[in-house]
Each structure stands twice: as structure tokens, then as C-alpha cells.
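Peer 1: Keeping their order, the protein sequence lines are chains U and L.
First residue of the first sequence? That's 1 in the numbering used here, and the numbers climb one at a time after it.
First residue of the second sequence? That's 1 in the numbering used here, and the numbers climb one at a time after it.
Any given hint might turn out to be false.
[Stated by the list, open to error] Cross-link-like lysine-lysine pairs, in silico, PhoX-like; alpha carbons within 25 angstroms at most: (1) U:143 <-> L:96; (2) L:73 <-> L:96; (3) L:2 <-> U:141.
[To be verified] Not close to chain L: a few residues of chain U, all C-beta gaps over 12 angstroms, as computed: (4) 88; (5) 120; (6) 256; (7) 370.
Think of the hints as simulated: they come from the structure by calculation, not from any bench.
Since this is a predicted model, take the numbers as computed values, not measurements.
Every residue, glycine too, gets a C-beta built ideally from N, C-alpha and C.
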Amino acid sequence: MAALIGMTGDWDLAEECAQDAFAQALKTWPRDGVPRRPGAWLTTVARNRALDRLRRGAAEAAKLREAATLSRAHDDAPGGDDSGIRDDRLRLIFTCCHPALPLEARVALTLRTLAGLTTAEIARAFMVGEETMAKRLVRAKGKIRDARIPYRVPPAHLLPERTAGVLGVLYLLFNEGYSASAGADLVRQGLCAEAIRLARALTELMPDEPEALGLLALMYLHDARRATRVDGSGDLVRLEDQDRTRWDRAEIEEGTRVLDAALRRSRPGPYQVQAAIAACHATAAVPADTDWAQIAQLYGRLAALLPSPVVELNRAVAVAMADGPAAGLALVEALGAAGALSGYHLLPATRADLLLRLGRRDEAAASFAAALDLAATDAERRYLTRRLAELSDRQ
Amino acid sequence: MKYMMLVCADESIELSDEEQAQIGPATDAWVTEMDGRGVRLEGHQLRSAADATTVKVRGGDLLIADGPFAETKEQIAGFDLLECADLDEAIEVASKHPVARFGVLELRPFWTD
Chain U
1 MAALIGMTGD
11 WDLAEECAQD
21 AFAQALKTWP
31 RDGVPRRPGA
41 WLTTVARNRA
51 LDRLRRGAAE
61 AAKLREAATL
71 SRAHDDAPGG
81 DDSGIRDDRL
91 RLIFTCCHPA
101 LPLEARVALT
111 LRTLAGLTTA
121 EIARAFMVGE
131 ETMAKRLVRA
141 KGKIRDARIP
151 YRVPPAHLLP
161 ERTAGVLGVL
171 YLLFNEGYSA
181 SAGADLVRQG
191 LCAEAIRLAR
201 ALTELMPDEP
211 EALGLLALMY
221 LHDARRATRV
231 DGSGDLVRLE
241 DQDRTRWDRA
251 EIEEGTRVLD
261 AALRRSRPGP
271 YQVQAAIAAC
281 HATAAVPADT
291 DWAQIAQLYG
301 RLAALLPSPV
311 VELNRAVAVA
321 MADGPAAGLA
331 LVEALGAAGA
341 LSGYHLLPAT
351 RADLLLRLGR
361 RDEAAASFAA
371 ALDLAATDAE
381 RRYLTRRLAE
391 LSDRQ
Chain L
1 MKYMMLVCAD
11 ESIELSDEEQ
21 AQIGPATDAW
31 VTEMDGRGVR
41 LEGHQLRSAA
51 DATTVKVRGG
61 DLLIADGPFA
71 ETKEQIAGFD
81 LLECADLDEA
91 IEVASKHPVA
101 RFGVLELRPF
111 WTD
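Work out the full structure, taking the sequences as your base and the hints as a guide.
Peer 2: Below is the structure:
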């Protein structure tokens, strides 16, 4: 069921297809015998049923696109491409990420042409109006045509600098799949699979580029947790509450293996550092085993490479875990005062959490309420509402 | 594809005597190379913005003013007409122009049907 839900994002559909698969089994197994791997048989039948249903749903054009992406992802050999430069998707992505295009256009174009997101979905992801995004895409395609941006993978001497741009786009693409910035669904596995596929292809093309390896490692380590990120109602599950036995161990091992390969190059970069942080979490068998001091230090290194208030906020969380909530709160208050994160719901949410741990319940409640006002997805809203409710329940 | 390459620089930038002396010969060398490659069709240095004149006709009236048309820090100092296979080649040609090191070059594709 989990696989179907993750795939289709549609609980009712998943349930019906699962039931259909069981019904099918009841019909054919007495006749043909029980298959050697009944679970896989059921999953395949249910999956094909789901794909079938999605294809026939004219109104669900978005899910159709996703189904196409997914079936492509599932059909490919796990070993990845060996086509290198001939991979049409790579040609396309380097063209979409050409430096002559404005950055936001590069991202939008990649999402539109490679991931098949609708203009509306991309608009939501970047918090602009649909018409604005449509114009952005039209102008970008127009520029490629009018200025004659070549449709190709760049020649060797240009490849390193052009790669940085591509990595940025893939990272954004993965994040779109990992946590939608608006709407009811938190996890969109199809986009993650697409991003991982493209990132893996890139590492095969550029095996000596450590940041490409770092990005792939980061994606694997995040993706390994996808089964536990969201619970049965589609609500956010905190890292410390996630059932670690349901983390994909094979994917974690692959992620750490790829990260080690990257680090051997001795050319650190932001993706490698972020992957190292993810690896700290992924390799802790229980939350209590987490090396928070190491994580805080890594966020410090990340801040040096990629100065950003969001990175500072994450560092504050790690510091709170390593040195106590008061230490973390001091950093959070400083960030609040600096004003760079106004409008970002995780700032008041983090503040609320730290205040609660310090026993300052009324202030915590006020902060959770402030975070609720800023939350962008239904899942985030439900999570914050629940935390607020827990607070008043425990009076 | 033809591109108009506008060579722009901040006229108030102070170059060292050495840099100033270098520009002329370096530009000549660039012109020679690009003419030879067939990517440069023609071009010329222009007088400074102080020598510019703007022309407008509004409501039948001819309006002339001391130029340039846009009050920007960087002004057009010269132009070259390029013919390149694609934008990447035009970028490579432009990047080798000596003014690229302290000014900015704009590549504007020709309108084609």
C-alpha cells in the first residue's frame, strides 16, 4: 500500500487498486498456483492498475505526467545509463541551464521539460502567479531560439562551470519532490526519482566532480527516509519520531559510499557538507546516538561556504541539541532580530520548540501560533496545530 | 547567426598608464584574429558619449539634444558585427576582447524571420 500511495499520492485510488489486485489473485492463483513472490506479484498488478486508472483520468493530467515519469524510472535498469553524452536528457538539461538564461528561467525550464511539471505547479513552487511563470517559460524558450543557444552538452573546457548550474537546478528539482511548497501532498516520489536519475547520470559523465557525487549522496540519504517522513494522514513526522527501521538501509549505504567517493577528492563543497550532515542522521540507529556536536560543526562549515540565514537556523537547532536549548535560543533570537527570515514559518516554529524545552509555555504557544500563520502546506499546518493543541492539553 | 556586439565601459574608470597603452594594440590583435576567423564582419571604435547627439520627432517637432540616450554608468564605446555558429561562439569571441576585462560587452542577436 505504501508503495502505491507514495506513487499515486491518491489514497482512495491506491486502496482500490490494492483491492483489485487481491481480487485478481483470488481468481488466478487457485488456477495458476501461487507465484514465487506473491508480494511482488500483487504490487505489480496493483501498480499497473493504478497506472491504467491514472491514464484514463483526463482531469488528472498532473498525475498522468507523474505516472509517465515513474514508469520510465521503474522500467530502467538499476545500473543506470551507459549512454553518457548521448543521453538526450543531459543535452536538454545543459541547454536549459545555459548561463545566458536568467536563473529562475533555467530552473523553470528544467522542471517543465525534464520533470514534466505543469506551469501551475512550477508557479506554486516559486510562489509566483501562473501567468508570470508562463511568460517566464515563453521568454526562455524564445531566447534559446533567438539568441541561438546551442542544444548540446557543452564542450569539455566549458563543462565544469556549466555543471555548477546544472547541480543547482537538480537540487531544486529534488526538493520539489521531497517537500512540495504548497498543496496537500508532502512527498512526490516521482520527482525525487527523476532528480536522482539525472544526478546519477551526471556523476557517470563527470566521475571526478566531487560536488556531483555530493549532490547524489545527499539525494540518496534524504530519499532513504521517504517512507517515514509522512504518516498515515499525510502529516509531517519529525526526524526524532521517524521509525528508523523503515529507512532504506541499502539507499543509506549507497549514499554514504558515494559521499566517501566524493570526500576522497579533497575538494569540499556545499553539497558534500550537506550530505555529511544527512549521513550523521542516517547512520544513527536511534535519535540518542546522533552526533549533534559534529552536525553543529558541519553547519558551521556550510555557513562558511554558503552563507544563509536558513543554514544558521539549522545550526541553531544542532547547537540546541548539543549544548542545550538556551544556547540554541540565543542564536534563534539573533536571527529573528536580523529580520532575514521573516515570513519563514520554521523560524517561529523552532523558537517555539526551544521555548517549550525551557518551560516557557505561554511564549511557546504564541510562537507556534505565529508559525501556523506562515505555514504553506496542509501537512505543516496540521503539524503545528497539533503541537499547539498538545501544549494546551498539558495545562 | 549575426550578433551586434556593443563594447561598453565606464568612461570614468581610471586605467593605469600601462593598461591604457595596452588597449590599442590588444584590440588590434583581437580584430586581426577575429577577422581572420571570419567571425567579425566589421566594427569600429566610437567617440565618447560627450560627442553624442539624440534625435526625436514628437508631434511633428524635431527635438535634438546633447546625448547619450541613456544615462548609465557604462556607455557604448564601440561596436562589432559578429557572425557566429551559436551563442557560445559569440561569447568566446566577446570574452577575448580587451575591454571585457574592465567593461561589459553586450551580445544582441539580429532579428531574423
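Peer 1: Does residue 96 of chain L sit within 25 angstroms of residue 73 of chain L, going by the straight-line distance between their CA atoms?
Peer 2: 22 angstroms, holds
Peer 1: Over 12 angstroms to the closest beta carbon of chain L is the bar; see if residue 88 of chain U clears it.
Peer 2: 18 angstroms, holds
Peer 1: Any Cβ of chain L at or closer than 12 angstroms to residue 370 of chain U, or is the non-interface label fine?
Peer 2: With a cut-off of 12 angstroms, residue 370 of chain U remains clear of chain L, as the shortest Cβ separation is near 43 angstroms.
Peer 1: Can the restraint linking residue 143 of chain U and residue 96 of chain L be considered satisfied, given a maximum Cα separation of 25 angstroms?
Peer 2: The given pair, whose Cα atoms are some 23 angstroms apart, holds under the 25 angstroms limit.
Peer 1: Sort out whether residue 141 of chain U lies within 25 angstroms of residue 2 of chain L, counting only the CA atoms.
Peer 2: Answer holds: residue 2 of chain L to residue 141 of chain U is near 19 angstroms, not above 25 angstroms.
Peer 1: Is the nearest CB of chain L more than 12 angstroms from the CB of residue 120 of chain U?
Peer 2: Residue 120 of chain U is indeed farther than 12 angstroms from all Cβ atoms of chain L, at 30 angstroms.
Peer 1: Mind verifying the non-interface call on residue 256 of chain U? Its CB should be farther than 12 angstroms from each CB in chain L.
Peer 2: Per Cβ check, residue 256 of chain U is outside 12 angstroms of chain L; nearest 38 angstroms; holds.
In the structure shown, no violation is registered for any of the earlier numbered hints.
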